[in-house]
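Colleague: One letter stands for each residue in the lines below.
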Amino acid sequence: MSALMEISGLKKYFKTRAGIVKAVDDISFEIEEGSIMGLVGESGSGKTTVGNMIIGVYRPTSGIIKYKGEDISKFGEKRPKWLRKDIQMVFQNPASSLNPKRTVRQSLALPISIHRPGAPVTKTIYDLMDIVDLPTEFIDRYPDELGGGEKQLVAIARALATEPTFIVLDEPTSALDVSIQGKIINILMKLRKEFGLSYLFITHNLSLMSNVADTVAIMYLGKIKEVARTEEFFRQPLHPYTKLLLSSIPVITDDEERLKPQKIPNIGEISGALHIPKGCSFHPRCPFAWELCEDVDPPLLDLSKGHLCSCHLYSSGSDSSAAQKSQVSE
Amino acid sequence: MISLVEYSKDVKFSKIAHNYGKYWYKFRNNKLSLLGLGLIILFIALAALAPWISPYPSSAGLYVNFANSLKPPSLAHPFGTDELGRDVLTRVIFGFRYSFTLVGVVLGITVIPGVTLGLVAGYYVKRWFSVLIMRMADIFVAVPPLLLALAVASVMRPTLLHVMLAISLAWWPWYTRLVYSQTTTIRNEDFVRAARLMGASPIHIMFSEILPNELGSILTKISLDAGWVILIGAALSFVGLGAPPPTPDLGTMISEGSIYLPNFWWISVFPAIAVVLVILAFNLLGDGIRDMFSSSIR
Amino acid sequence: MDEGAERILEVKNIMVGYKVYEGELKVLREVSFYVLKGEKVGIIGESACGKTTAMKTVMRILPSNSIVWGGQVLYKGKNMLAMSKKDVTSLRKHNLSMIFQDPSSALNPVFKIRQQMYDIIKYSSDERLTKEEIHERAIHYLKEAALPEVERILDSYPFQLSGGMKQRVNIAMSLVSARELLIADEPGTALDVTIEDQIMRLLKTIVEREHISIILITHSLGVVKGFVDRVYVMYAGTIVEVAPTKSLFSNPLHPYTRMLMDSVPRLIGGGVPEGIPGVVPSYLDPPKGCRFITRCPFRMDVCGQSPPDLREIDQGHYVACYLYNEGRS
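Residue numbers (the numbering used here), protein chains in the order written: chain A, -3 to 326; chain B, -19 to 278; chain C, 366 to 694.
Wrong hints could be hidden among the right ones.
What the hints assert, rightly or not - With a straight-line Cα cutoff of 25 Å, these simulated BS3-like cross-link-like pairs (lysine-lysine) come out:
(1) K(-5)(B) - K6(B)
(2) K611(C) - K256(A)
(3) K458(C) - K487(C)
(4) K81(A) - K62(A)
(5) K569(C) - K421(C)
(6) K11(B) - K384(C)
(7) K106(B) - K74(A)
(8) K119(A) - K(-5)(B)
(9) K384(C) - K6(B)
(10) K7(A) - K62(A)
(11) K569(C) - K259(A)
(12) K569(C) - K256(A)
(13) K377(C) - K653(C)
(14) K74(A) - K64(A)
(15) K384(C) - K2(B)
Stated by the list, open to error - Some chain C residues flagged as far from chain B (calculated, every beta-carbon gap over 10 Å):
(16) K391
(17) H500
(18) T659
(19) R664
Hints listed in this document are in silico derivations from the structure and should not be mistaken for laboratory results. A virtual CB, placed ideally from N, CA and C, is assigned to each residue, including glycine.
Based on the provided sequences and hints, a complete structural model is requested.
Modeller: Pasting the structure below:
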């Protein structure tokens, strides 16, 4: 059975006055039906651009997005109605994703009137509010009369209003307090089960990711550096950037502290997207980099049963003694 | 169990009351705005009821009484009489009529097309018609309204209608510009993007999603503009391009009375004070409207 | 911590709120906290808990519709709320400073960093400095904030710098005047997690080396754990628990603290926690007793009657909860 969504060779380059910005540079992955794919990265990694291409905000510079077997990358913004209905998005900032001058009722009525023309509008809105566990009295409220979590639930209800199959979740809880995040995420998981949805879950929060996604992919400056099933990813992180990310997370229990890779030097910053370094884009910050890393971009190789990594430390063709020397002991 | 439909109707009504109450609260926060509002209401009332409340209604039309001319302010004539014996107070009250008519017509003609053009140009940025609209706006903005009116007057007879047309031509691009600059920013907001991705029609997006967020600045501008239109109208009348005599028009009164300064000062000064007050009132009102739409701290 | 050490800042029982259309928001209820010289104190709280209001009260930058019903803010013994504008300005010039969450907010986008650094140095110095001296000091502070290529930074506009670099510039600028107390309001929240890690390490190094007291405000338990000596937990405008960091994390007492810690998803897995059900109570009509009563699974009748006091349960570990009181008499 082929996957619900197949991305291959996806690229998005932006032409700016200062030069070409390679936001997404040759990305490939698959999302099975009913699964949650996690996309992790910091600012500038390109993860949001990937989401935007899937949802149709941008047309890819090159590459293919296959949805239900059909190439949808050719559409760009002028998507057919069935596609708009099927693929929805929940944005990061709940405050700006709802029109401050429209009530909840009006914001929810819009997708219903476009994609489900026969449906009884008010009743459908009430149903949606129930599904996301919001009191129906809220429908005449304006966004500024709702809390952050409540706004996000309205955004989720809006995405659900078209009866979609696939939802891109762009940092859905990053702007919310941690005590509310759980509720939102649990509702999302419940909805997935109930409606058989598939998610692309974009976030920079690895702790959250480890409990939500089935598969995790890490992006850095437009390229995927590592992909693996979640358990495998956290049990044995391979890429130096992954290890750096993990070691930077502020955790609160000693168990988690022990789990983090230790003593990974945190130097430098992500280079601007205009000046992506030659060779491996991570090498200026990598504590294990050597000459090869400055010249050649490492390929994304399958190292063991679906655990892919793009790093010369693991490339079979590289100088293995150098690799052994610089590898840190776990 | 209350039927869902009834329940929502009740909630809706009290919610609407609550929302308007919030606007009023923000408005009355500033005492000066209340003053502006009060003055405007007063002046509009005067203008509307002019024929019935002015002491000497005939002074507003063709009327001559040389025996009574150039009399200083007194109990019988609080603002005095002019060179033809007409009561200045009456003429000032009728002058408001003319001014507010001017405002109503000019803004009535210019706001809706101006805003619509701004929305279209701002939403469809970079398309050829957007560029065309904005360059046209640039052209009309570059010509001072007074010169434009003079140009119009030199081609056609200077009547009230032509004056209003001239001012309107000069006015519409300001709304287009205001709405254009706001629209280009708002169109990039997440909620607009969400509506676009949903497949909403451009008409819906422009008028139901973007425009409501711009109402605050548009209404504020309308209020401030009212003052400007009155001023420009008075300036045109002052140079003789306004309504023909004997129409009581504040600018004309100032102009005609200026040759009698300083001895018979009341003929020019009272209309001038009226102009100043009405413009001030619109400005204060505009401040209040702006406060109404500004987001509160909490 | 040395008990005899001087309390640089002591906030005593402040009651602060705002006047809005619907009425009065009674936000802060008898909030008290202090910072000793050289101490690192953290205030943990979620959004709308009043931590920003508390900081604005201390810095005297409350908005015009704010109401201060009572309390004192003592800076080395003197009440800042009663001070003249001149004295407060003097404090801001020489003793205390603040770093904000948004790295761009403290930087004027139309001036180069050079101009902004120079201005701050000139302004906070009482004596007249020569151009060379100002330049020397600018370099010195930027270097203290671990900025590389200092000359290039000075010649840059804020938009040319990354979030991490901007925050370092903010730190450098605050070091110019914060010789005694630094208030950091969510300094790393807007940054990537790897950069936040760098910034927090930098801050820690600096304040420890210079013996600057610091109040760190954040919603991230993990950040607070790795950084501060003592923690205040705030909920809905009240302080519910105070403890040395180790004590708080090994033995959280207040139900809110416990539930908050449970809400954080664990790196090792275990599913997504439910979080804390319910919502923060409205400040228009807050609960008379403990403000956590609407969401607390352990609530008792006494909790709704009057607010619980902060009681010391263990060495330096205080909690405001009737579960640990014998009840007020």
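Colleague: Hint by hint, note whether the structure agrees.
Modeller: Here is how each hint holds up against the structure:
With a C-alpha separation of about 17 Å, the suggested pairing of K(-5)(B) with K6(B) holds against the 25 Å cut-off. With a CA separation close to 20 Å, the supplied pair K611(C) and K256(A) stays within the 25 Å bound. With a CA separation close to 10 Å, the supplied pair K458(C) and K487(C) stays within the 25 Å bound. Restraint check: the Cα-Cα separation between K81(A) and K62(A) comes to about 16 Å, which is no more than 25 Å; the hinted pair holds.
Using a Cα cut-off of 25 Å, the hinted pair K569(C) and K421(C) holds, with the two alpha carbons roughly 23 Å apart. With a CA separation close to 17 Å, the supplied pair K11(B) and K384(C) stays within the 25 Å bound. Note on K106(B) and K74(A): the hinted pairing holds, with a Cα-Cα distance of about 18 Å set against a maximum of 25 Å. For the hint pairing K119(A) with K(-5)(B), the CA-to-CA distance comes to about 20 Å; that is within 25 Å, so the pair holds.
Of the supplied pair hints, the one linking K384(C) and K6(B) holds, its CA atoms being roughly 12 Å apart against a limit of 25 Å. Pair hint K7(A) plus K62(A) holds up; C-alpha atoms about 14 Å apart against a cutoff of 25 Å. Among the hinted pairs, K569(C) with K259(A) is consistent with the structure: their alpha-carbon atoms are about 18 Å apart, no more than 25 Å. The straight-line distance between the Cα atoms of K569(C) and K256(A) is roughly 21 Å, inside the 25 Å bound, and the hint therefore holds.
A C-alpha spacing of about 20 Å is found between K377(C) and K653(C), which places the hinted pair at or below 25 Å, so the restraint holds. With a C-alpha separation of about 18 Å, the suggested pair K74(A) and K64(A) falls inside the 25 Å cut-off, and the hint holds. Of the pairs offered as hints, the one joining K384(C) and K2(B) holds, with about 13 Å between alpha carbons and a cut-off of 25 Å not exceeded. The beta carbon of K391(C) is kept farther than 10 Å from every beta carbon of chain B, the shortest such distance being approximately 12 Å.
Its beta-carbon lying about 39 Å from the closest one in chain B, H500(C) satisfies the requirement of being farther than 10 Å from that chain. At the 10 Å boundary, the C-beta of T659(C) stays outside the reach of chain B, the nearest C-beta of that chain being 20 Å off. The non-interface label for R664(C) is consistent with chain B: the shortest C-beta to C-beta separation is roughly 28 Å, beyond 10 Å.
Of the numbered hints stated above, none is contradicted by the structure.
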